[in-house]
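Number of protein chains: 2
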Amino acid sequence: MSPQLSQVPNSAVRRLSLYLRQLEALEADRVATVSSRKLAQSLGLTDAQVRKDLAYFGQFGRPGVGYEVMPLIHRLRSIFGTDRVSHILLVGAGNLGKAVTTYQGFRARGFELVAVFDDDPQKIGGSVGQLSVQPMTELPQTASQHAARLAIVAVPAPAAQRVADQLIAVGVRGILNFAPTRLNSPPDVTVLNIDVAAELEQLSFLTNIGSSGPST
Amino acid sequence: MSPQLSQVPNSAVRRLSLYLRQLEALEADRVATVSSRKLAQSLGLTDAQVRKDLAYFGQFGRPGVGYEVMPLIHRLRSIFGTDRVSHILLVGAGNLGKAVTTYQGFRARGFELVAVFDDDPQKIGGSVGQLSVQPMTELPQTASQHAARLAIVAVPAPAAQRVADQLIAVGVRGILNFAPTRLNSPPDVTVLNIDVAAELEQLSFLTNIGSSGPST
Numbered sequence: 034m035s036p037q038l039s040q041v042p043n044s045a046v047r048r049l050s051l052y053l054r055q056l057e058a059l060e061a062d063r064v065a066t067v068s069s070r071k072l073a074q075s076l077g078l079t080d081a082q083v084r085k086d087l088a089y090f091g092q093f094g095r096p097g098v099g100y101e102v103m104p105l106i107h108r109l110r111s112i113f114g115t116d117r118v119s120h121i122l123l124v125g126a127g128n129l130g131k132a133v134t135t136y137q138g139f140r141a142r143g144f145e146l147v148a149v150f151d152d153d154p155q156k157i158g159g160s161v162g163q164l165s166v167q168p169m170t171e172l173p174q175t176a177s178q179h180a181a182r183l184a185i186v187a188v189p190a191p192a193a194q195r196v197a198d199q200l201i202a203v204g205v206r207g208i209l210n211f212a213p214t215r216l217n218s219p220p221d222v223t224v225l226n227i228d229v230a231a232e233l234e235q236l237s238f239l240t241n242i243g244s245s246g247p248s249t
Numbered sequence: 034m035s036p037q038l039s040q041v042p043n044s045a046v047r048r049l050s051l052y053l054r055q056l057e058a059l060e061a062d063r064v065a066t067v068s069s070r071k072l073a074q075s076l077g078l079t080d081a082q083v084r085k086d087l088a089y090f091g092q093f094g095r096p097g098v099g100y101e102v103m104p105l106i107h108r109l110r111s112i113f114g115t116d117r118v119s120h121i122l123l124v125g126a127g128n129l130g131k132a133v134t135t136y137q138g139f140r141a142r143g144f145e146l147v148a149v150f151d152d153d154p155q156k157i158g159g160s161v162g163q164l165s166v167q168p169m170t171e172l173p174q175t176a177s178q179h180a181a182r183l184a185i186v187a188v189p190a191p192a193a194q195r196v197a198d199q200l201i202a203v204g205v206r207g208i209l210n211f212a213p214t215r216l217n218s219p220p221d222v223t224v225l226n227i228d229v230a231a232e233l234e235q236l237s238f239l240t241n242i243g244s245s246g247p248s249t
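Chains as they are written, first to last, in this note's numbering: chain V, 34 to 249; chain Y, 34 to 249.
Since the hints were derived computationally from the structure, they do not count as laboratory data.
Misleading hints may appear alongside valid ones.
Identical copies look the same in the list; a pair holds intra-copy or inter-copy alike.
[As the list claims (entries may be wrong)] Derived pair list, reagent style SDA-like, types lysine to any residue, alpha-carbon separation capped at 20 Å:
id	residue 1	residue 2
1	Lys156	Ala61
2	Lys85	Ser44
3	Lys71	Ser165
4	Lys85	Val224
5	Lys71	Pro189
6	Lys156	Thr170
7	Lys71	Val41
8	Lys85	Pro220
9	Lys71	Glu171
10	Lys71	Gly99
11	Lys71	Ser218
12	Lys71	Ser177
13	Lys156	Ser50
14	Lys71	Asp221
15	Lys85	Gly138
16	Lys85	Pro96
17	Lys85	Met169
18	Lys85	Val203
19	Lys156	Pro219
20	Lys156	Arg110
21	Lys156	Asn128
22	Lys156	Thr115
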């Protein structure tokens, strides 16, 4: 028995995404097996970290053989729930929303953007990528039609909570939030934030310690 | 003596950003002190986690008083290197680049976008926010003029490594990369990636375990 998935640290889940990228690249090159060492080296991690992360999910490499690439890809996709295509709703058809719709990597990783919404009459009916911008009033019907459980919020901060509430009301259970504000959500809804300023702070911190040496 | 900053886990540094946001909100409300418990509650963390994170930086709340808000804000900004304004270069004046330039939160957090670059003759000379798009040939002069050490890469994946190399050559030491590709960089350069598909995978994982219960 593997440990409960809810006990796996977030940092390990993030590394699984990296392993999956690397395994997919190996598979494209028709490589059948890979050692924890090779996987680790290509990502700047230690062998032990790779083995520990994958052991959470009951995957053990065999000595002298390593991990079998295709079975491990399938296992990781099943862990992520991306072994089938997940439908994604996007709210916000501004610059950021447009950037999200033109993002190339979704489909290959099991996600399909199925609808774009905005409140702005100037944007409604316009096209963003392959999609036509819908008014928020169409959210309930479209969400149910696509059985969408995941959404991306790309609206200004003051509108973000209202949009999140509307998404949750129509059955969305996971929100990727680009608005620079903290969203309140019920316990059965997961919100992940992409906070560009926080990333810059982290970058500034890491660049500082690199240049000035550790402070004591 | 506080421990070496280079030994502080990345997850703690990310939480420092959250503490700083929360403390700034308290300061705006003229709150002078805050307990680890209140700080923890507002962010969905445990008291112990907050105390442990802040102890890395030699900050200890006083029993019955808690943390003094303003001094802690100053300390955190100094840790992040955002007690002075950091100049940021942006490469890529597409939808994502435009979204980045209209992002409101930079200045308040100690970052100023000082220049935007693109290779596309159709974009050069156009304005993005308050800035005029410059050709990459002007990168060396502009970077040196602003003593810029941080940059945001918002170009398509195939162009990202070339752009990163050019930025590093002109003295940039921290890169926030939005392109869905892994960048190679020398040891004294930090690259942070914002990988939207990886965030969606994480979201899908967390939503899956929430809905189906832990697998065994």
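So, going through the hints one by one against the coordinates:
{"no.": "1", "hint": "Lys156 to Ala61", "verdict": "neither (39 Å within a copy, 35 Å between copies)"}
{"no.": "2", "hint": "Lys85 to Ser44", "verdict": "both (12 Å within a copy, 18 Å between copies)"}
{"no.": "3", "hint": "Lys71 to Ser165", "verdict": "neither (44 Å within a copy, 45 Å between copies)"}
{"no.": "4", "hint": "Lys85 to Val224", "verdict": "neither (27 Å within a copy, 25 Å between copies)"}
{"no.": "5", "hint": "Lys71 to Pro189", "verdict": "neither (43 Å within a copy, 27 Å between copies)"}
{"no.": "6", "hint": "Lys156 to Thr170", "verdict": "within (14 Å within a copy, 36 Å between copies)"}
{"no.": "7", "hint": "Lys71 to Val41", "verdict": "neither (23 Å within a copy, 27 Å between copies)"}
{"no.": "8", "hint": "Lys85 to Pro220", "verdict": "neither (29 Å within a copy, 25 Å between copies)"}
{"no.": "9", "hint": "Lys71 to Glu171", "verdict": "neither (49 Å within a copy, 40 Å between copies)"}
{"no.": "10", "hint": "Lys71 to Gly99", "verdict": "within (9 Å within a copy, 48 Å between copies)"}
{"no.": "11", "hint": "Lys71 to Ser218", "verdict": "between (41 Å within a copy, 19 Å between copies)"}
{"no.": "12", "hint": "Lys71 to Ser177", "verdict": "neither (44 Å within a copy, 39 Å between copies)"}
{"no.": "13", "hint": "Lys156 to Ser50", "verdict": "neither (34 Å within a copy, 34 Å between copies)"}
{"no.": "14", "hint": "Lys71 to Asp221", "verdict": "neither (38 Å within a copy, 23 Å between copies)"}
{"no.": "15", "hint": "Lys85 to Gly138", "verdict": "neither (28 Å within a copy, 38 Å between copies)"}
{"no.": "16", "hint": "Lys85 to Pro96", "verdict": "within (15 Å within a copy, 39 Å between copies)"}
{"no.": "17", "hint": "Lys85 to Met169", "verdict": "neither (45 Å within a copy, 43 Å between copies)"}
{"no.": "18", "hint": "Lys85 to Val203", "verdict": "neither (38 Å within a copy, 39 Å between copies)"}
{"no.": "19", "hint": "Lys156 to Pro219", "verdict": "neither (30 Å within a copy, 44 Å between copies)"}
{"no.": "20", "hint": "Lys156 to Arg110", "verdict": "neither (35 Å within a copy, 39 Å between copies)"}
{"no.": "21", "hint": "Lys156 to Asn128", "verdict": "both (12 Å within a copy, 15 Å between copies)"}
{"no.": "22", "hint": "Lys156 to Thr115", "verdict": "neither (31 Å within a copy, 37 Å between copies)"}
Consistency with the previously given hints fails for numbers 1, 3, 4, 5, 7, 8, 9, 12, 13, 14, 15, 17, 18, 19, 20 and 22, ordered from lowest to highest.
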